[in-house]
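Starting from the given sequences, assemble the full structure and let the hints guide the process.
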Amino acid sequence: MSAHAASPAHIDTSTGLDSRKMAFWTFIGSECLLFGSLIATYMAYKGRSINPPYPHDVVINGKAFHGILNIPLTSFSTFILLMSSVAMVFALWNVQRGNKPWDAFWLFMTALGGSIFLGCQVFEFTHFYHEGLTLRSNLFGSTFYVLTGFHGAHVTVGIIYLITLGVMALRGRIGPERTLNVEIAGLYWHFVDVIWIVIFPLVYLIR
Amino acid sequence: MASTATVAAPHAPAVAHYEPTGLWSWITTVDHKRIGILYGVTAFLWFLVAGVEALMIRVQLFVPNNHFVTAETYNSLFTMHALTMIFGALMPLTAAFFNFIVPLQIGARDVAFPRLNALSYWLFLFGSLFLNFGWVLKAAPDSGWFAYAPITTLPYSPGMHMDFYVLGLQVLGLSSIIASLNFIITIINLRAPGMRLMRMPIFTWMTLITSVLIVTAMAVFTIAVTELMFDRLFGTNFYNTVSAGADPLLWQHLFWMFGHPEVYILIIPIMGMISEVLPTFSRKPLFGYNVMVFSGVLIGWLGWGVWSHHMFATGMGPIADSFFSLSTMLIAIPTGIKIFNWLGTLYGGSIRFTTAMLFAVAFIAMFTIGGISGVMHASAPSDLQQSDTYFIVAHIHYVFFGGTVLGLWAALYYWYPKVFGRLLDEKLGQFHFWSTFVGMNLTFFPMHFVGMFGMPRRTWTYGPEQGFTAYNQAETVGAFIIALGTLVFAINLFTAWKRGRIAGPNPWGAATLEWSIPSPPPAYNFREIPVVHSRMPLWEDDPTKEAGIPHGRVEEETEQVTIAGTQVAAVRDVHDENKMSAHDLGIHLPPPSFWPIVLAAGISAIFIGLIFRQVPATSAWHNAWYLMFAGIATTVVSIYAWAFEPGH
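Residue numbers (this note's numbering), protein chains in the order written: chain A, -2 to 204; chain B, 250 to 897.
Simulated from the structure, these hints should not be mistaken for lab results. Hints may be right or wrong, so weigh each one.
Anything over 10 Å on all C-beta distances counts as not near chain B; from chain A, calculated [said to hold, decoys possible]: (1) M19; (2) F24; (3) A37; (4) V55; (5) I65; (6) L66; (7) V83; (8) K97; (9) M106; (10) L132; (11) H148; (12) E174; (13) F188; (14) V191; (15) I203.
Ranges between beta-carbon positions, derived for each pair [what the hints assert, rightly or not]: (16) B:A569 / A:G146: 28 to 34 Å; (17) B:W874 / A:P98: 42 to 48 Å; (18) B:V301 / A:W22: 41 to 47 Å; (19) B:I568 / A:F120: 43 to 49 Å; (20) A:H124 / B:F382: 51 to 57 Å.
Covered by chain A, according to a simulated footprint, are these stretches of chain B (three or more residues, beta-carbon under 8 Å) [to be verified]: (21) 390 to 399; (22) 468 to 476; (23) 484 to 492.
Just so we're clear, the structure is a prediction, and the values are computed from it rather than from any experiment. Just so you know, even glycine gets a beta-carbon here, dropped at the ideal spot from N, CA and C.
What follows is the structure, given as structure tokens:
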């Protein structure tokens, strides 16, 4: 990326890298430990719930229980989330080249992808609630809602972040000289997606 | 504050009032030096509070079957003593030095993110006040600083006690993470030209390692505490073993995954401070600089691999016990390397025993005792005997008091002249040192014995027939001797600030960059960013070299002062640079901002709102929920205002 050439004010650092970008990478490192602890908790308690509802189809003492997770729906929302990362790349590409209307368009498309993902999560949570899965019902409920909810909260923050940048871009306040603002938002958005790539198989696909 | 004090003195250097003054300027400050002072003053006050809590514990244990405080209050006392010391006093005191000293040592004008720096201070202030607010509501946390779940879940800890813990420590953890992120970037990115990583002062190096530990370990702690918070507030089952079949060891693993790196977070910066004090007063370069750096990195790294040695007694099984025994013993190697390097620094040096040096040398001895009893615990069979006795209390106090506190006091005597432009009184300092040194050994050494004889830690009282009485009485006397020394220290800190001897830029003849500029430093730190050619620029760099260290240009008026039998050049800054504002010199400094304190208040209000959920549905309850939503609104608004604030 040629972000430095675009922001000469920040070039005067020991490493030549922009401090904000470096701070964001460090923040992501910290976030890895946050999500790592949540995922570790989920894995430690996986399959240890002593009462239904269970995530996957199980037979306990000859009694069959229906798995609650909707893998097709979540596969769809996962796909949309990944596509939003592609949209983010287009947004940055357009910002760097000063394509004013297009950078806003792709920022809003990224936010739209995140919103569809979030909508699916809201639908999923509501559905599970009616099936009897709450924060209190069992270990699966506690670990599932807190892990995926924590991720959902990150997606929400990201959507607000992207819409803010999109509005700024529409008003012409984000040009090639402000590329870094979009690049950092992109780092955040890609990180949130990557974390979901870890969560999705661990929670939904692995039995 | 600093500039007015300087003007009031008889030998006042000519410092013009170019810096803004008054309360508002302190609230809106983004200057790393002022934030450092705020950190230091606040943390020292918490140190006194935690000290009073310790004295109350010692009074309670002075005689058998004592009823000075109730057992419930005693639980809160030892819990709050630990929490206040660790999160209110020791960590923020190291943060005070990170803030004030590190940018000066690396030749920077400020930290990388000045407003973020202010935010971390205000979060620390509000978080520590919030944590201690439990005392006011007679609901201070009472389950130990390690807060072992499931004891801390709602069925076993009803009431608001542990809510103050789970909410208060979230705020403090956030503050630490933000601050450390800032220091990592500052150190990596804002070094003066020529200051390569292996030319950085060792204190800056240790700050970097500590910051990395905080950014990672605190994240784990945040999740551990969040899960406990969800258990208590929303009825999840993370630690609720009774109804849901959860694992009672999950909390311990997550907690110590943070808790063990935390003890290195408390000691590694001190190792850096000592490594600055010893060379200066031995008039010798630090012995084995490279090895000191790498052993510090190694300690930080190994610090992650030893957490389960806190859990030998939980029955993890022989393989886990063996692994964590081994890794814990391994960490003694880089620590031992450091100790021998400090001794190597002293060897053959021309030593001046100023108060700072006395504390630094005592640190080596006391920290070694604490380290050796640590190796004793590393052996699982012997740990099983010592676990949860006063032997453990003796160990951690030799590390935390004999290590962290002695080191912090050494650093305070060493850098106080740089911060306030005045020297601390050496006579009072000597009294402070000897009372602290004698007091701490009288307090903590008998704990080894009484622990071996079977006195459990966290115990409210004991019977006369158990044979613990004499030891406990000696410990209590020792604690009051420490308190006396601390009182003298507090008086010294205050009177020296008012009318201490003017220090000048470099009263100790030290080698690092912060001593090349006036004391207290001007708002812009360095008139010109220095170019560094060696590890000890003031000892080795050629001042005549072009674009070198600017101390050659400084006009000075000297008077000779005797400290610890040695003549020291106490220098009065009379050069014109002091009178010039950053604006006059054309230096851009970040403008003040009140959004950090508003944002910190918003975040804190969310947590205050959450804690009142247990109050019945009266008007107060509803008000508290409104407070939470007001906090969320304030947070969102101030993040936007922050992001779009002009001039930054």
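Going down the list of hints, with the structure as the test:
no.: 1; hint: M19; result: 5 Å, violated
no.: 2; hint: F24; result: 6 Å, violated
no.: 3; hint: A37; result: 8 Å, violated
no.: 4; hint: V55; result: 15 Å, holds
no.: 5; hint: I65; result: 17 Å, holds
no.: 6; hint: L66; result: 19 Å, holds
no.: 7; hint: V83; result: 26 Å, holds
no.: 8; hint: K97; result: 20 Å, holds
no.: 9; hint: M106; result: 23 Å, holds
no.: 10; hint: L132; result: 5 Å, violated
no.: 11; hint: H148; result: 13 Å, holds
no.: 12; hint: E174; result: 16 Å, holds
no.: 13; hint: F188; result: 14 Å, holds
no.: 14; hint: V191; result: 16 Å, holds
no.: 15; hint: I203; result: 19 Å, holds
no.: 16; hint: B:A569 / A:G146: 28 to 34 Å; result: 32 Å, holds
no.: 17; hint: B:W874 / A:P98: 42 to 48 Å; result: 43 Å, holds
no.: 18; hint: B:V301 / A:W22: 41 to 47 Å; result: 43 Å, holds
no.: 19; hint: B:I568 / A:F120: 43 to 49 Å; result: 45 Å, holds
no.: 20; hint: A:H124 / B:F382: 51 to 57 Å; result: 41 Å, violated
no.: 21; hint: 390 to 399; result: violated (count 0)
no.: 22; hint: 468 to 476; result: holds (count 7)
no.: 23; hint: 484 to 492; result: holds (count 4)
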